[in-house]
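Please put together the full structure from these sequences, using the hints given.
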Amino acid sequence: MTSKSLFFRFMCEDLKQKLWAVGLSFLCFFLAMPVNAAMNLSIIQKTYDNWVRNGTVFGDGITAESRYAERLLDVIETTIGLENVWNVTVITVASIVMALTGFMYLHSKKQTDFYHSIPIKRELIFMVKYVNGVAIIFSMYLLNLLLTIGILLMNQIDAATVFTTSMITFCVHISGYLMNFGLMVIAVMLTGNFFISILGGMILFAYVPSVIALVQGLMYLFFNTINLRDVRMEMMMVHGSPISYYIETVINGAGMEYEKYGQLMGTVGIMFVVGLLMALASLLLYKKRPSEASGKALSFPITKAPSKILLVVPITIATSILFWNIYYSLPWTVFGFVMGLVVTHALVEIIYHFEFAKLFANLHHMGLCAGLALAVILVFRYDLLGYDRYKPTEKEFEYASVYAENLRDNPDYGLPYYYESNGVSHQSWRYMSMDQYVVDHMKYTDYEVVSKLSDAGIRESEMKKEALYNNVDMQYSNGYWTQLEVGYHLKNGRTVYRNYYVNLTELRETFDQMYESAEYKQGIVPVLSYDPANIIGIFENHNSKIQEVNADETLCAEILEAYKEEMKALTLEERSKETPVTSLRFLTIAEYEYICTVSHDKNPNFSGDFRIEDMSVVNFFPVYPSFVKTLQLLEKVGIDDLGSVSVEDVLRIELFSDYYTDEKAYYDAPSDYYEERVSVMTDKVTMPYPATVTAEHGLRTITLEDDGTAESVACMEEVLEYAVYEDLMNLNGLQSREYGITVRVYLKDENEGRPIGSQEFVPYQFHADEIPQFIKDLFEYDTRVSKNISYGLNIPIEN
Amino acid sequence: MIEAKNLTKRYDDIVAVDHINAKIREGYVYGLIGTNGAGKSTFLRMACGILKPDEGTIQINGEDVFENPKVKEKFFYISDEQYFFPNATPKDMTVYYKSVYPAFDESRCYKLLESFNLDKKRKISTFSKGMKKQLSVILGISANTDYIFCDETFDGLDPVMRQTVKSLFANDMAERNLTPIIASHNLRELEDICDHVGLLHKGGILLSKDLDDMKLNIHKIQCVLKDGMKAEEIKELNIIKAEYRGSLATITVRGVKSEIEAIMKSYEPVFFEMIPLSLEEIFISETEVAGYDIKKLIF
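First to last, the sequence lines map onto chains A and B. Using the working numbering, the final residue of the first sequence is 807, and nothing's skipped along the way. Using the working numbering, the final residue of the second sequence is 461, and nothing's skipped along the way.
Some hints here could point you the wrong way.
Simulated crosslink set (EDC-like; lysine to aspartate or glutamate; CA at most 20 Å straight-line) [what the hints assert, rightly or not]: (1) Lys553/A with Glu404/A; (2) Lys499/A with Asp649/A; (3) Lys637/A with Asp649/A; (4) Lys214/B with Glu131/A; (5) Lys232/B with Asp254/B; (6) Lys26/A with Asp174/B; (7) Lys296/A with Glu217/B; (8) Lys296/A with Glu395/B; (9) Lys118/A with Glu243/B; (10) Lys427/B with Glu395/B; (11) Lys403/A with Glu456/A; (12) Lys118/A with Asp254/B; (13) Lys312/A with Glu268/B; (14) Lys260/B with Asp22/A; (15) Lys232/B with Asp175/B; (16) Lys118/A with Glu229/B; (17) Lys295/A with Asp254/B; (18) Lys129/A with Glu235/B; (19) Lys312/A with Asp174/B.
No lab work stands behind these hints, which were simulated from the structure alone. Since the structure is predicted, the reported quantities are computational estimates derived from the model, not experimental observations.
In structure tokens form, the structure reads like this:
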């Protein structure tokens, strides 16, 4: 008998024992694919019939037929494509079940004796069981795939797309199955008992992600400079388990255009190779596995101690940090440590021996585990690897991205982008946070400056640790503190990110030096990269009024160049003293096209957190009073009235005080709603005038209206003179600002004749040192106790 | 021939088979006797290639058994609790074994099933323990292998079936030189079938001898000696044991039967006769000589 014929004969005999798997997998795939497809197609047909019958209108260029065709294409993805979650579920569950049941005979002495006494080599037995474990599932998958393809083609769905999708999906599923099946077979090989195999499988599938999560937990607990941008750990978590890697691949592929499916082949190749390696490892283990391992916890006695240590050490650490996080107390942490250690070690020993009395066996191993767990904790606690102290040497350093939270000056930035789907080009909008922009664009090469900032951050981190471990509050020196994110780009191609908290006031010279450099500005102000040839128009925004600058191409380019030049020259000193007088948006061609598309069909391609109304306020950059040239050019095109709103245009002004600094104080205050007319005497307003003050829970609201008297007009003028339009205030965080008082200006043009509830207002705020005295009096406001003030660079330094 | 040299197997700290040396010749029935835990099953599982020896070798016709399908084709192993596929019928198992053993005789198997009154289409899970044992033996015999390893196979068989199986073995031994190796903890079970017996105890072989040799060299004499005479006075006899019931003496002696008879006659006893020893008695005698109390080891 040749080994080939023996293989197939033995395979057929084995298949007879697995007819249940054939039936069950056929049923699951039948429901997941052909039935699913038929149901979806039926629903789509009914919907289409309704559209035709009701004459539904979809918008320009979209007909019921085109929408129907679009829906039909969607069915491909949800039936034979990667968006069919049922297939993913069936394949994942099947890989575990088939591995367990296929090699479960190794857990029974009776069955092991049976298989290992017959005149067939173990490799052949293994191969037959392994191949059947894969072939049963995928023959049933293929059978149902063919049925589904038939159904789809009968409905006139594009054959090329159907075949491409089915092929790539098949490749993803089979490679994912091979990985998961392979690892579960390894779990069975390493164990000698059904339940221990399940436990072992769970451990193998979850171990790497769990340990990485634990390491992350330790880093968050013990390190101050940890930065989330480094995704290597997340990548390791995903790649550390075949299940997560397979699901990640499916998710990535599910959103992919058909034309780009080829990009998945690399991942499929990796999964396939890993699957094959796992099969080889399983075979090797099978050959080495002693038959007498049946019924025991672990097949290989040599793996007992290492497995236990690998399990007990992380669990001990995890329970320690869990108790630390709950109680922040050393005794409880020690309790967590001891509990995790003893319970896990005892459980493992009981499982190993299948005997409760052995719970304290191998106590020397427990001691070793305790030592290792303690060593790991100490490595993190004392930062023995120097994570928080990391700073590249000048030789290693190539350039850095430095993002200082409080130096940013344009909160909303975004870009339109194109993507292809079903052969059609679509547009969407991608918001970009400033820190992301900095990471992507800044190449700051001054090592000395970066080094000074890092040193300050490291010092603060060390002080914070010392305070924490000595159980005292961290004493921050007086000044304006800012979060700092530094990305060290090294010459070897690596990028290391760290977060710091530094005193901007103390490091003012260093920050000045950095802020004035072209490299820094280029990396933080997107407009500096704008090309005049790509600018289609300029928009100006102040006091909530957005208007297009009436300038031709040449003038637009001139304004852009002037703005870039003055922005480059802007210093921190100037920003600490100046409030933007207006803001400009240099509309690019891409943005214009996107807005046109959005405006045209009123049906934007929603992506992420995009809102159509945001389009009017994004990408506005501040214009400071010192931008003389820019302002002159604006004046030239008629934009010269950049002052505050005139009282004549104001219906009323409302001022709200958020004087309480916490919610508790608000609810503890008596419910003292009242409304009264008060007279105010200030230096500027020499005569009393009526204002309406209402209060609830001690929080007051002042309403100022033009009652026809000069006094009321003077008070309103004083508020309008000092209040700053909130959007402009947002563009410069280096000036002082009282967040506790908000000003709402109701304009006559927009609100006259409208009921109060539906009126619109323009929001304003005060600089901390420019709140009119009568407002302070009415609010009983005291700068010294207000906790809502941000002083920016103008923070008063206390000695 | 099956030959074990220095064969050793350990389960963690327990030495299940301890440096065993044994030879099992073809065409004879080899009985492997020992208490539970003596190492009989472990020995057989190593002989079948299920277990890999930790030390030493076990060979069939000069070839190692472990992972050697060619050698494995020469024997059929009937374990103490034979495995049958779930929901399988005798016919299913016949088809399966036929695909595995090249010389499997399917028609003989069906005939034997019929003669044993076992329905080939009935689910094996509904069979009694004895019926399953019968099925195992039938499948083993039908495999047409040179050796058949039986681990406690006769347990659960009624006396009639036991005799039938024994005659089956005898038939195949005669026809095709089958060599059954039978492990049991019960001496009486093997008495009338074994040609050669190996006694295992605590993983080692206490003795391994041909039953005929043992029987030829040890005899029991029942006699009434002259008045006042004791058996111990017959110095020419190699007496192992002497018991008395009144004047009737039962003497177990070593030696050649004819010589013993001549010696007895020379002492002119009132009456004497040579009676056969049971396997049990032979073992008692043999192991006592070796310093063991066989009753504690086997019964």
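Okay, the hints, checked on the actual structure:
With a CA separation close to 50 Å, the supplied pair Lys553/A and Glu404/A exceeds the 20 Å bound. Of the pairs offered as hints, the one joining Lys499/A and Asp649/A is violated, with about 51 Å between alpha carbons and a cut-off of 20 Å exceeded. Between Lys637/A and Asp649/A, the direct Cα distance comes to roughly 16 Å. Compliance with the 20 Å bound is thereby established for this hinted pair. The hinted pair formed by Lys214/B and Glu131/A meets the criterion: a straight-line CA distance of about 15 Å does not exceed 20 Å.
Pair hint Lys232/B plus Asp254/B does not hold up; C-alpha atoms about 24 Å apart against a cutoff of 20 Å. A C-alpha spacing of about 35 Å is found between Lys26/A and Asp174/B, which places the hinted pair above 20 Å, so the restraint is violated. With a CA separation close to 16 Å, the supplied pair Lys296/A and Glu217/B stays within the 20 Å bound. Taken as a hint, the Lys296/A and Glu395/B pair is broken in the structure, with Cα atoms around 64 Å apart against an allowance of 20 Å.
Distance restraint check for Lys118/A and Glu243/B: the Cα-Cα separation of roughly 7 Å lies within the 20 Å cut-off, and the hinted pair is therefore satisfied. A distance of roughly 14 Å separates the Cα atoms of Lys427/B and Glu395/B; the hinted pair therefore holds under the 20 Å criterion. Between Lys403/A and Glu456/A, the direct Cα distance comes to roughly 12 Å. Compliance with the 20 Å bound is thereby established for this hinted pair. Proposed proximity of Lys118/A and Asp254/B is supported: the alpha carbons are some 18 Å apart, at most 20 Å.
For the hint linking Lys312/A to Glu268/B, the alpha-carbon distance of about 46 Å lies beyond 20 Å, and the restraint is violated. Taking the CA atoms of Lys260/B and Asp22/A, the gap is about 14 Å. The hint holds against a cut of 20 Å. The straight-line distance between the Cα atoms of Lys232/B and Asp175/B is roughly 33 Å, outside the 20 Å bound, and the hint therefore fails. Taking the CA atoms of Lys118/A and Glu229/B, the gap is near 18 Å; set against the 20 Å cutoff, the hint holds.
For the given pair, Lys295/A sits about 28 Å from Asp254/B by alpha-carbon distance, which is inconsistent with the 20 Å threshold. Among the hinted pairs, Lys129/A with Glu235/B is consistent with the structure: their alpha-carbon atoms are about 11 Å apart, no more than 20 Å. For the suggested pair Lys312/A and Asp174/B, the alpha carbons sit about 12 Å apart, so the restraint of at most 20 Å is met.
Hint compliance for this structure: hints 1, 2, 5, 6, 8, 13, 15, 17 are not met, and every other hint is.
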